[in-house]
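Student: Listed below, chain by chain, are the residues.
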Amino acid sequence: MNARSPIFRGVTALIYLFLLTPILVVAIASLNDAASLAFPPKRLSFRWYGAFMSAGEFGRATGVSVEAAVVTALITLALGTAAAYALARGPVPGGFAVFRFVVLQGLTAPLILPALVVGLALLQVYSRLGVSPSVASLVAGHAVVALPYTVRTMYAAFAAYDATLDDAAATLGARPLRTFFKVTLPLVTPSVIAGGVFAFAISFSNIMISAFLSGPSTTTLPLRMYNYIEFANDPTIAAISTVVVLATFLAVWLLHKTVGLGGFFR
Amino acid sequence: MRAVRAFILLLPATLFLVVAFAGPIIFLGWSSLDLADGGRGFRQYGRFLLDPFYRGFLLDTVTISVITTVACVVLAYPLAYQLARASATTRGLLLMLLIAPLMIGDVVRGYGWLIALGDYGVLNQILLGIGLVSRPIRLVFTPTGVVIGLVQVLLPFMVLPLAAAIGAVPVDLEEASRSLGARSGRVFRKILLPLTLPGLGAGVVIVFALAMGSFAIPMFLGGVRVKMVGPLVFQQAMQTADWPFAAAISTVLFATSLLLLVAYAWLGGGPRRGAEATAR
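Residue numbers (the numbering used here), protein chains in the order written: chain E, 3 to 268; chain G, 5 to 284.
Isolated chain E (complex conformation) (with noise of 0.2 Å):
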């Protein structure tokens, strides 16, 4: 392979363009005037952005999903955090290692075990519970499945770290957790922004979990949006889904400014 062949770039620009496809017809489709998904667009218009501002359900639907996307980030960024610290910054003599790959496995494992059978579990445990559904139920699940990405965020960050700094500190009289807090929290932010804005990605755009354990009233976005396409087929759900496209690509290119994307690479 030679990467600057034009074939080979040619190749290339296709196939990103095939990952891209969804995305850019659900955003040429949101801007069709007429009341029918035709392509290409006869006239333009932004009259479903219109539609989906000021249709109460999805808004209602749009406040449920923040909620529990910014609880689900707070809460992962703390377990995370500090079992990412215990991970990278722990004991180091031979039996650790063995112990620390375990734990990082079954802290990060939700991330390839089947989102759906957390659902169903956690479902399944509250109806003999008889938890009804909340906000608070719902987090349980979508902390579940984001845990790993501020796990896996933050231990990437404290395993870069150097630790030479904390030893000053140390050294100049600081105690342990006001290192911690007044030294090591301060440099790695960049890390836990990212970690944050990946669980409430992940929380934001869950419909495994939440088709299991939502309820009327805690009805996500992404869920009303599939209930919305079962029975109407105008572009309001093209409106607003390319008004979460922008939003997502805006979050991943400020990661990119900030903290660099390079920690999926490895």
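Keep in mind the hints are simulated off the structure, nothing from the lab.
No experiment lies behind these values; they were computed from the predicted model shown.
Possibly wrong hints are sitting among the right ones.
[As the list claims (entries may be wrong)] Derived CB-CB ranges, DEER-like:
1) Leu76(E) to Val137(G): 45 to 55 Å
2) Gln243(G) to Arg49(E): 28 to 38 Å
3) Val137(G) to Leu131(E): 54 to 64 Å
4) Phe31(G) to Lys184(E): 40 to 50 Å
5) Phe31(G) to Ile9(E): 48 to 58 Å
6) Thr166(E) to Leu15(G): 48 to 58 Å
7) Leu201(G) to Ala249(E): 37 to 47 Å
8) Val100(E) to Gly96(G): 28 to 38 Å
[What the hints assert, rightly or not] Covered by chain E, according to a simulated footprint, are these stretches of chain G (three or more residues, beta-carbon under 8 Å):
9) 17-23
10) 116-122
11) 213-220
12) 225-238
13) 258-269
By construction, the Cβ of each residue, glycine as well, lies at the ideal position given by its N, Cα and C atoms.
Using the hints provided, position chain G relative to the given structure of chain E.
Tutor: Chain G alone, transformed into the frame defined by chain E:
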């Protein structure tokens, strides 16, 4: 840091996963043994694995997941190679293009493919327009449609570990073999492929596991006509309300993924490599 302090810091996350993840799943496995007559047994598993109707779901899911994984491998190598050998600026841009779709969510992507692949969707309008076909080709609610959607959703999970593996192969090796007269195909077969097998293995395991447990894309692009395990679990639990059966299917799905996860951890280099990485 002393060991005691490390354990205390690990406790909250571990406890959370025990209560909200491991516990409920063990309970799910236990409840899959419930029988309608109040007894206990493995009858639900027999029904899922032996009844030709339900076994069809499992076989079709495996077939679709295998095809998806193979397609991802083929498409991922060029992207991973480009990513690994790109300059820092280009790499940042390419990573954005790979990671943003990952974070956008299945509903937006499933809906986008529905518009793109529908009978009078974008693709068919183009094909009809240039006269390549006389009737729209049917992609939505077919296994092909589901595979297209799954490949798009899962491709980044293959590209990222593969790019990391390629990045670890010194460019010098390629240049040396080229200067000795090897063509691109031979360089790939003799150098790149053998040296990136662990990364490839990791990508294969992730993509296959995620395809097996996929839910939203099969719901959007498969409808009721493509038989996949994910939608079957949802339907049995939420519509038929046959909880023990849904629990049994989920347990099979979960056990399969767990085996794959162990394989993945092993391919990732195991504790030994983890220790080396810390030593560096």
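Student: Return holds or violated for the Cβ distance of leucine 201(G) and alanine 249(E) against the range 37 to 47 Å.
Tutor: holds, 38 Å
Student: Can you tell me if the region 225-238 of chain G counts as covered by chain E, using C-beta to C-beta distances under 8 Å and a minimum of three residues?
Tutor: holds (count 3)
Student: How does the Cβ-Cβ distance of valine 137(G) and leucine 131(E) compare with 54 to 64 Å: does it lie in that range?
Tutor: Holds: the Cβ-Cβ distance is about 55 Å, inside 54 to 64 Å.
Student: Establish whether the coverage given for the region 258-269 of chain G by chain E is satisfied; the threshold is a Cβ-Cβ distance below 8 Å, and no fewer than three residues must meet it.
Tutor: The restraint on the region 258-269 of chain G holds, since 7 of its residues have a Cβ under 8 Å from chain E and three suffice.
Student: Please check whether the region 213-220 of chain G has three or more residues whose CB lies within less than 8 Å of a CB on chain E.
Tutor: Coverage by chain E holds here, the residue count being 6 at a Cβ distance below 8 Å.
Student: Quick one: see if chain E covers the region 17-23 of chain G, three-plus residues with Cβ-Cβ under 8 Å.
Tutor: holds (count 4)
Student: Verify the CB-CB distance for glutamine 243(G) and arginine 49(E) against the hinted window 28 to 38 Å.
Tutor: Holds: the Cβ-Cβ distance is about 35 Å, inside 28 to 38 Å.
Student: Taking the CB of phenylalanine 31(G) and the CB of isoleucine 9(E), does the distance hold inside 48 to 58 Å?
Tutor: holds, 55 Å
Student: Can the region 116-122 of chain G be counted as covered by chain E under the rule of three residues or more with Cβ-Cβ separation shorter than 8 Å?
Tutor: holds (count 6)
Student: Can you let me know if the beta-carbon spacing of valine 100(E) and glycine 96(G) is within 28 to 38 Å?
Tutor: holds, 35 Å
Student: For phenylalanine 31(G) and lysine 184(E), compare the CB-CB distance with the range 40 to 50 Å and indicate the outcome.
Tutor: holds, 43 Å
Student: Starting from the range 48 to 58 Å, see whether the pair threonine 166(E) and leucine 15(G) falls in it by beta-carbon distance.
Tutor: violated, 28 Å
Going down the numbered hints, you'll see the structure goes against just number 6.
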